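Number of protein chains: 2
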Amino acid sequence: MKAISVLGSTGSIGTQTLDIAEEFPNHFKVVALTAGRNLPLLVEQVQKHTPEVVALADESLIPELEERLKTIKAKSPEITLPVLIGGPDGLNTAASWDTADLVVTGIVGCAGLLPTLSAIKAGKDLALANKETLIAAGPVVIPELKRSGSQLLPADSEHSAIFQCLQGTPWAETARLSTGEKTPGLRRIQLTASGGAFREWPREDLIKATVKDATSHPNWSMGKKITVDSATLMNKGLEVIEAHYLFGIDFDHIEIVIHPQSIIHSMVELSDSSVLAQLGWPDMRLPILYCLSWPNRLETPWKRLNLKEIGQLSFSEPDTKKYPCMELAYSAGRTSGTMPAVLNAANEEAVAQFLENKIHFLDIPKLIDSACERHKADLNTSPTLDEIVSVDNWARHAVREQVNKQAITN
Amino acid sequence: MKAISVLGSTGSIGTQTLDIAEEFPNHFKVVALTAGRNLPLLVEQVQKHTPEVVALADESLIPELEERLKTIKAKSPEITLPVLIGGPDGLNTAASWDTADLVVTGIVGCAGLLPTLSAIKAGKDLALANKETLIAAGPVVIPELKRSGSQLLPADSEHSAIFQCLQGTPWAETARLSTGEKTPGLRRIQLTASGGAFREWPREDLIKATVKDATSHPNWSMGKKITVDSATLMNKGLEVIEAHYLFGIDFDHIEIVIHPQSIIHSMVELSDSSVLAQLGWPDMRLPILYCLSWPNRLETPWKRLNLKEIGQLSFSEPDTKKYPCMELAYSAGRTSGTMPAVLNAANEEAVAQFLENKIHFLDIPKLIDSACERHKADLNTSPTLDEIVSVDNWARHAVREQVNKQAITN
Numbered sequence: 001m002k003a004i005s006v007l008g009s010t011g012s013i014g015t016q017t018l019d020i021a022e023e024f025p026n027h028f029k030v031v032a033l034t035a036g037r038n039l040p041l042l043v044e045q046v047q048k049h050t051p052e053v054v055a056l057a058d059e060s061l062i063p064e065l066e067e068r069l070k071t072i073k074a075k076s077p078e079i080t081l082p083v084l085i086g087g088p089d090g091l092n093t094a095a096s097w098d099t100a101d102l103v104v105t106g107i108v109g110c111a112g113l114l115p116t117l118s119a120i121k122a123g124k125d126l127a128l129a130n131k132e133t134l135i136a137a138g139p140v141v142i143p144e145l146k147r148s149g150s151q152l153l154p155a156d157s158e159h160s161a162i163f164q165c166l167q168g169t170p171w172a173e174t175a176r177l178s179t180g181e182k183t184p185g186l187r188r189i190q191l192t193a194s195g196g197a198f199r200e201w202p203r204e205d206l207i208k209a210t211v212k213d214a215t216s217h218p219n220w221s222m223g224k225k226i227t228v229d230s231a232t233l234m235n236k237g238l239e240v241i242e243a244h245y246l247f248g249i250d251f252d253h254i255e256i257v258i259h260p261q262s263i264i265h266s267m268v269e270l271s272d273s274s275v276l277a278q279l280g281w282p283d284m285r286l287p288i289l290y291c292l293s294w295p296n297r298l299e300t301p302w303k304r305l306n307l308k309e310i311g312q313l314s315f316s317e318p319d320t321k322k323y324p325c326m327e328l329a330y331s332a333g334r335t336s337g338t339m340p341a342v343l344n345a346a347n348e349e350a351v352a353q354f355l356e357n358k359i360h361f362l363d364i365p366k367l368i369d370s371a372c373e374r375h376k377a378d379l380n381t382s383p384t385l386d387e388i389v390s391v392d393n394w395a396r397h398a399v400r401e402q403v404n405k406q407a408i409t410n
Numbered sequence: 001m002k003a004i005s006v007l008g009s010t011g012s013i014g015t016q017t018l019d020i021a022e023e024f025p026n027h028f029k030v031v032a033l034t035a036g037r038n039l040p041l042l043v044e045q046v047q048k049h050t051p052e053v054v055a056l057a058d059e060s061l062i063p064e065l066e067e068r069l070k071t072i073k074a075k076s077p078e079i080t081l082p083v084l085i086g087g088p089d090g091l092n093t094a095a096s097w098d099t100a101d102l103v104v105t106g107i108v109g110c111a112g113l114l115p116t117l118s119a120i121k122a123g124k125d126l127a128l129a130n131k132e133t134l135i136a137a138g139p140v141v142i143p144e145l146k147r148s149g150s151q152l153l154p155a156d157s158e159h160s161a162i163f164q165c166l167q168g169t170p171w172a173e174t175a176r177l178s179t180g181e182k183t184p185g186l187r188r189i190q191l192t193a194s195g196g197a198f199r200e201w202p203r204e205d206l207i208k209a210t211v212k213d214a215t216s217h218p219n220w221s222m223g224k225k226i227t228v229d230s231a232t233l234m235n236k237g238l239e240v241i242e243a244h245y246l247f248g249i250d251f252d253h254i255e256i257v258i259h260p261q262s263i264i265h266s267m268v269e270l271s272d273s274s275v276l277a278q279l280g281w282p283d284m285r286l287p288i289l290y291c292l293s294w295p296n297r298l299e300t301p302w303k304r305l306n307l308k309e310i311g312q313l314s315f316s317e318p319d320t321k322k323y324p325c326m327e328l329a330y331s332a333g334r335t336s337g338t339m340p341a342v343l344n345a346a347n348e349e350a351v352a353q354f355l356e357n358k359i360h361f362l363d364i365p366k367l368i369d370s371a372c373e374r375h376k377a378d379l380n381t382s383p384t385l386d387e388i389v390s391v392d393n394w395a396r397h398a399v400r401e402q403v404n405k406q407a408i409t410n
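Line by line, the protein sequences are chains F and U. Using our numbering, the first residue of the first sequence is number 1, and each one after it goes up by one. Using our numbering, the first residue of the second sequence is number 1, and each one after it goes up by one.
If you're looking for bench data, these hints aren't it; they were derived computationally from the structure. Computed from a predicted structure; not experimentally measured. Any given hint could turn out to be false.
Said to hold, decoys possible - 20 Å max Cα-Cα, derived SDA-like pairs, lysine to any residue:
1) F/Lys-121 - U/Ser-271
2) U/Lys-303 - U/Asp-156
3) U/Lys-303 - F/Ser-316
4) U/Lys-308 - F/Lys-303
5) F/Lys-2 - U/Asp-272
6) F/Lys-308 - U/Ser-314
7) F/Lys-308 - U/Asp-156
8) F/Lys-308 - U/Lys-121
9) U/Lys-121 - U/Thr-80
10) U/Lys-308 - F/Glu-255
11) F/Lys-366 - F/Ser-314
12) F/Lys-2 - U/Glu-200
13) F/Lys-308 - U/Ala-209
14) F/Lys-303 - U/Asp-272
15) F/Lys-308 - U/Ser-148
16) F/Lys-308 - U/Ser-216
17) F/Lys-308 - U/His-253
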């Protein structure tokens with residue numbers, strides 16, 4: 001029986017994690033939940049999973065939650081109510097909760113950083129879904145991981161694929177200790193990319209791309225922001241940076257391959273030139289379950305892959321002119337220090353501006369590039385967490401300001 | 001430094017193994033060689049690898065080999081000549097040679113059985129290329145493996161692919177001990193098949209298939225017999241039986257998938273529905289090297305896989321009417337006991353008769369089916385090695401007799 005904490009329990013990763021916990025009641029017990037503002041769903045989750053502690057980011061909502069839980073208790077007196085805590089300290093307490101074996105970090109954005117670090121400092125293993133943890137805060141997180149010996153388990157499908165392929169290789173034997181260091185036996189990582197909403201569009205048509213066009217993903221059903229990231233291929237760029245930290249591999253040895261069917265979730269080339277791949281239907285539950293069950297696997301009744309039915313898998317080189325975000329990400333990753341934090345924050349802000357119809361689709365990479373260029377003079381090669389958060393704020397502000405001034409140049 | 005013995009050193013597996021030993025002189029040392037009749041090549045190998053012992057199947061050739069080696073010694077006095085031994089006992093002695101860590105079994109056919117068993121009894125790890133070891137002699141070999149604790153390492157590309165995919169799964173932890181038993185965490189094996197020479201031929205045209213047609217393989221360069229086995233898909237049928245023994249998996253959970261590009265060398269579906277695949281160019285050196293370096297991997301300069309260049313991988317269901325040999329193999333495997341030995345021997349003899357233009361291509365499955373049918377009355381469910389060899393002889397004889405009597409029925 002593994003005890004798990006779910007940070008961001010009402011979000012997409014959180015709800016899928018709890019679905020899995022419900023599907024495997026003999027394997028997983030939920031001991032801690034943290035959530036934002038969705039109290040009705042949170043109360044349902046508390047009823048079903050009876051965690052020991054619940055933390056709310058917004059402390060002011062605690063009385064309301066308390067009231068709702070009292071009503072539940074009145075109806076079902078056998079339920080043991082959780083300890084309720086709030087605010088940043090509350091999140092950190094829940095993230096490092098003593099009885100938890102594994103913490104699922106489903107909080108989106110910089111808000112997830114501090115609780116994730118608390119979990120690492122407490123030596124908890126981590127199912128990592130909060131991408132800022134490594135992309136923006138890699139320079140702070142990696143040394144903490146080394147100190148605490150926490151095992152990072154990637155919860156997204158691409159990095160999970162790589163992680164699965166690397167089990168049983170010399171990499172796996174040293175991984176817990178060598179996070180961020182050069183990986184034995186691993187020669188190249190190939191991240192597959194569906195190509196996103198504009199895969200079939202000629203480059204010159206992208207100028208006409210609307211929000212509706214950009215938020216229709218061909219394979220995966222995801223939030224709007226991440227669907228736009230798929231359309232710009234920034235999602236792959238960010239995954240490249242994450243892969244660099246997770247698997248201790250140079251940027252020169254991480255490649256992106258367009259694979260429209262999204263069946264091969266990623267590949268590794270080993271030193272002897274053998275290539276291993278992980279395949280499956282596009283279903284986020286699989287990588288999440290693997291985080292939870294690792295190093296074992298559980299029996300699922302989920303849809304089985306049938307390649308004979310699919311018939312064909314195809315692969316091609318991504319068009320770097322059509323997708324400039326990829327190169328921006330490689331460049332920020334290579335620069336390292338605070339640059340990936342700027343890239344990530346500028347991208348989030350630019351996508352938000354696009355979703356509000358304030359900029360064109362093609363302005364997204366321009367705004368990111370401009371923020372990264374301006375940050376060069378202020379680059380901090382070994383930032384603290386506070387400095388990373390401050391740079392993140394600066395980049396968001398810089399993008400907003402440029403949009404407001406209508407100062408996007410070609 | 002791993003000490004290896006190569007049984008069948010002048011054959012295809014043997015020469016490729018020695019090429020690898022030469023490429024990695026700091027990792028492998030050749031301590032024993034056995035060969036058939038190719039003395040010039042054997043002498044070259046002795047000069048290059050200076051093994052401790054050399055065994056010849058045909059004892060009468062020893063004086064000639066001795067003479068040739070004396071000439072070498074006269075020219076290069078620094079060479080230490082090997083001990084020379086001959087006959088069946090000589091092969092067994094070389095196969096169980098004390099200083100060897102790993103034995104590569106490249107002897108083709110039933111002649112390879114006894115030396116392979118000697119290696120197993122001596123507790124040596126085995127790079128298995130002799131398919132009779134498991135297909136015909138599974139019932140004898142499996143208990144010996146359990147007793148001795150030898151590790152079987154598959155040297156053909158399909159089983160190596162599966163073996164590579166299973167490293168790092170619960171299967172791998174128990175494999176050394178549980179050979180032949182049900183495998184934890186492994187739900188299905190998918191063996192890929194190129195489809196062989198007649199992949200694009202309509203079923204009704206096969207009646208016209210000539211020896212030349214059947215011996216032109218689209219992807220792999222192999223011997224004539226195995227190329228015909230690819231054309232009938234009997235090679236896949238035999239691999240199904242081998243996979244059953246190697247990975248302890250029911251026949252119901254082994255599938256054949258037609259994959260014309262031969263890039264995915266096979267796949268495993270794990271219990272959680274995740275699928276792992278191993279990919280590479282069709283090159284026998286890779287699985288042989290993995291046997292030698294396992295559980296590690298060595299750095300090679302071999303051609304790297306580039307899926308972007310290949311563009312497309314395709315998959316389809318094999319046509320059981322066009323390829324009846326597959327079903328014959330599944331059926332013999334399920335019957336078990338001496339039946340797979342009959343299937344294998346009848347196939348070898350039928351292919352030999354086809355290669356001599358004595359029968360049609362479509363007679364091959366008919367002859368095998370007929371031998372298997374006739375053997376049903378004499379099935380031995382737990383045969384000794386002698387009984388297996390005797391059944392093998394019977395099946396070859398039965399096929400020859402049927403051909404000579406021109407008694408092949410539809």
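Each hint, compared with the structure:
no.: 1; hint: F/Lys-121 - U/Ser-271; verdict: 33 Å, violated
no.: 2; hint: U/Lys-303 - U/Asp-156; verdict: 19 Å, holds
no.: 3; hint: U/Lys-303 - F/Ser-316; verdict: 19 Å, holds
no.: 4; hint: U/Lys-308 - F/Lys-303; verdict: 28 Å, violated
no.: 5; hint: F/Lys-2 - U/Asp-272; verdict: 17 Å, holds
no.: 6; hint: F/Lys-308 - U/Ser-314; verdict: 8 Å, holds
no.: 7; hint: F/Lys-308 - U/Asp-156; verdict: 23 Å, violated
no.: 8; hint: F/Lys-308 - U/Lys-121; verdict: 42 Å, violated
no.: 9; hint: U/Lys-121 - U/Thr-80; verdict: 29 Å, violated
no.: 10; hint: U/Lys-308 - F/Glu-255; verdict: 11 Å, holds
no.: 11; hint: F/Lys-366 - F/Ser-314; verdict: 30 Å, violated
no.: 12; hint: F/Lys-2 - U/Glu-200; verdict: 52 Å, violated
no.: 13; hint: F/Lys-308 - U/Ala-209; verdict: 27 Å, violated
no.: 14; hint: F/Lys-303 - U/Asp-272; verdict: 10 Å, holds
no.: 15; hint: F/Lys-308 - U/Ser-148; verdict: 40 Å, violated
no.: 16; hint: F/Lys-308 - U/Ser-216; verdict: 25 Å, violated
no.: 17; hint: F/Lys-308 - U/His-253; verdict: 16 Å, holds
Hints 1, 4, 7, 8, 9, 11, 12, 13, 15, 16 from the earlier list are contradicted by this structure; the remaining hints agree with it.
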